[in-house]
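K.L.:
Kindly produce the complete structure, drawing on both the sequences and the hints.
Chains as they are written, first to last, in the working numbering: chain A, 3 to 216; chain B, 3 to 216.
You may find that some hints are simply not true.
Chain copies aren't distinguished; within one or between two, either way the pair holds.
Think about it this way: if two alpha-carbon atoms lie no more than 16 Å apart in a straight line, the pair counts; the simulated EDC-like pairs of lysine to aspartate or glutamate are [to be verified]:
1. K171 with D87
2. K114 with D134
3. K129 with D113
4. K39 with E15
5. K114 with E130
6. K63 with E92
7. K122 with E52
8. K114 with D87
Quick caveat, the hints were computed from the structure, so don't treat them as lab data.
Protein chains: 2
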Amino acid sequence: MFTIGIIRVITLESESLVKKHGEIVERILPNVKTYSKCIEDQPEGIYDEESEKKAIPKIVKLAKEMEGLGVNGIIVSCAGDPGIDVLEKELKIPVTGAGRPTASLALAISDKVGVLGITKEPPKPFKEVLRDYIVAYEKPIGVKTTLDLAKNIDSIIRAAKRLESAGAKVIALACTGFSTINAAPLIANNVNIPVIDPVMAAAITIYYRIVSRT
Amino acid sequence: MFTIGIIRVITLESESLVKKHGEIVERILPNVKTYSKCIEDQPEGIYDEESEKKAIPKIVKLAKEMEGLGVNGIIVSCAGDPGIDVLEKELKIPVTGAGRPTASLALAISDKVGVLGITKEPPKPFKEVLRDYIVAYEKPIGVKTTLDLAKNIDSIIRAAKRLESAGAKVIALACTGFSTINAAPLIANNVNIPVIDPVMAAAITIYYRIVSRT
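P.N.:
Next up, the structure:
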C-alpha cells in the first residue's frame, strides 16, 4: 500500500471536491491511498502566468509538509506543472505535475496529438514534450478558468471534434479540471480516438516512480 | 480484474521464463492477470531489421488469437514496437509495444534522456519520440542479443554510468531483456537518476488504455 499526496492548485470549500482527484487516483490504483490539500486564497485556480507565479511558493510549502508526513510521492494536480522544477531539487520523494505525464502518455500512443486546454496556448510542458507533434490546439469556447468547464460540456465536445478533424490521433487534456468533471469518457464517446485524462496520467507516472524504487 | 496478453518476441523453452514479463506486470498492477505466449522459431529474439521482419507476422497471429480469447489489452514485449502499426488497425482492443511507452515515460520525467539498448542505434520508437532529447545512446560492451544481458551486468552498469556522465537526467532501457534480468534497480543503485524499465512502462501504458475505457 502506498500513499500519494495530491496538491490541489485551487482553493476549494467543499471537502468532496478537494478529494475528487485523489478519488480518481484511488479508483485506478487499488493499492494507493491519497491525501489531498488545497493551496490557499486562489479560488479560481491557475489560469495564467500571474496566477501560476502566486501559486508556486504555496505549492512548495504544501509539498514539504506532505513529505514530512511520510507520503511516498506527490502529484501537483495541474497541467502546467507549477513548482515541479523546484520540488525535484528540494524533495527526496518523487513528485510530478500532470502536464508532462499527459503529454508523454499521449505521445506513447501517437505522434499526432491534439491538445485541449483552457489557456490561450498549450501549457509549457505540452509545448516542451510534444513540440511539432501537436497537430492542433483548441480551447473550448466560453471557458476561461477551470470553474467554467462543468457548464460548457457541449463546447468541450465540439472543440475535441475539431481536434479530430485536424488530424489528431489522440487527445491530451491540458487542464486537470477536465478530470474533475470526468470529461475524458464524455469526449471519447464522441470521437474515435483515445483521450488522455491528466489526473490519471499523473497517477500512473508517479506510481511508476514509486514502485520502481521497491 | 483485467487480463493482459503478453507477446514474447523470443522463443523460450522454460515456462518460468515465458511468464517473467507477465509476472512483472502482475506485481505492479495487483488487479491484472496476464497470459503470455512466445513467437515460434526465434530463439535469439529480435536484434536487427531482419529478425524483426521475420517476427511481425507471428506477432500479428498471436495477437489475434489473444483478442479472440477475450484479453482486455495486449503488450508486445519488445522495445522496437514490432507490428504495433498493423495491430492498431486490425484489433479492437488496445495494444502497445514497450518502445514508445518507455521513451515517453522517460520524457515525462526529463527531456535529457540517456538511452541504453542492444542495437547499434536507438530503436526507432525512441528516435521518433525523443529525437534530440536523446542526450546519449549506449550499448553495453559484449552484448549482441537479449540473451547476452544476464552475463554482462558490470558492462551494463558501466554503460549506464557513461549516460549519466553525458548529462542524462533519466535512463530509458531500450530492450525488454533488461526487464527479464531486473536491470533497472541494479542500475538505479549505481547512478543518481531514475531508470525506466520497459515492461513496467508498457504495463502502465496499456493499463491506462484499459481503465480509461471503463
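K.L.:
16 Å Cα cut-off: does K114 pair with D134 within a copy, between copies, both or neither?
P.N.:
For K114 and D134, the Cα distance is within 16 Å only inside one copy (9 Å; across copies 18 Å).
K.L.:
Is the C-alpha distance from K39 to E15 at most 16 Å within one copy, between copies, in both cases, or in neither?
P.N.:
Cα proximity of K39 and E15: one copy only (11 Å, versus 52 Å across).
K.L.:
Between K114 and D87, at a C-alpha cutoff of 16 Å, which is it: within one copy, between copies, both, or neither?
P.N.:
This pair counts as between: shortest inter-copy Cα distance 14 Å, intra-copy 27 Å.
K.L.:
At most 16 Å between C-alpha atoms: does K129 with D113 qualify within a copy, between copies, both, or neither?
P.N.:
both (13 Å within a copy, 12 Å between copies)
K.L.:
At most 16 Å between CA atoms: does that hold for K122 and E52 within a copy, between copies, both, or neither?
P.N.:
within (14 Å within a copy, 47 Å between copies)
K.L.:
My question is about K114 and E130: at a cut-off of 16 Å on alpha-carbon distance, are they close within one copy, between copies, both, or neither?
P.N.:
For K114 and E130, both the intra-copy (15 Å) and inter-copy (12 Å) Cα distances are at most 16 Å.
K.L.:
From the Cα coordinates, with 16 Å as the cut-off, is the pair K63 and E92 best called within, between, both, or neither?
P.N.:
This pair counts as within: shortest intra-copy Cα distance 11 Å, inter-copy 50 Å.
K.L.:
Could you place K171 and D87 in one of the four classes (within, between, both, neither) given a Cα distance threshold of 16 Å?
P.N.:
between (30 Å within a copy, 13 Å between copies)
Checked against the numbered hints given earlier, this structure breaks none of them.
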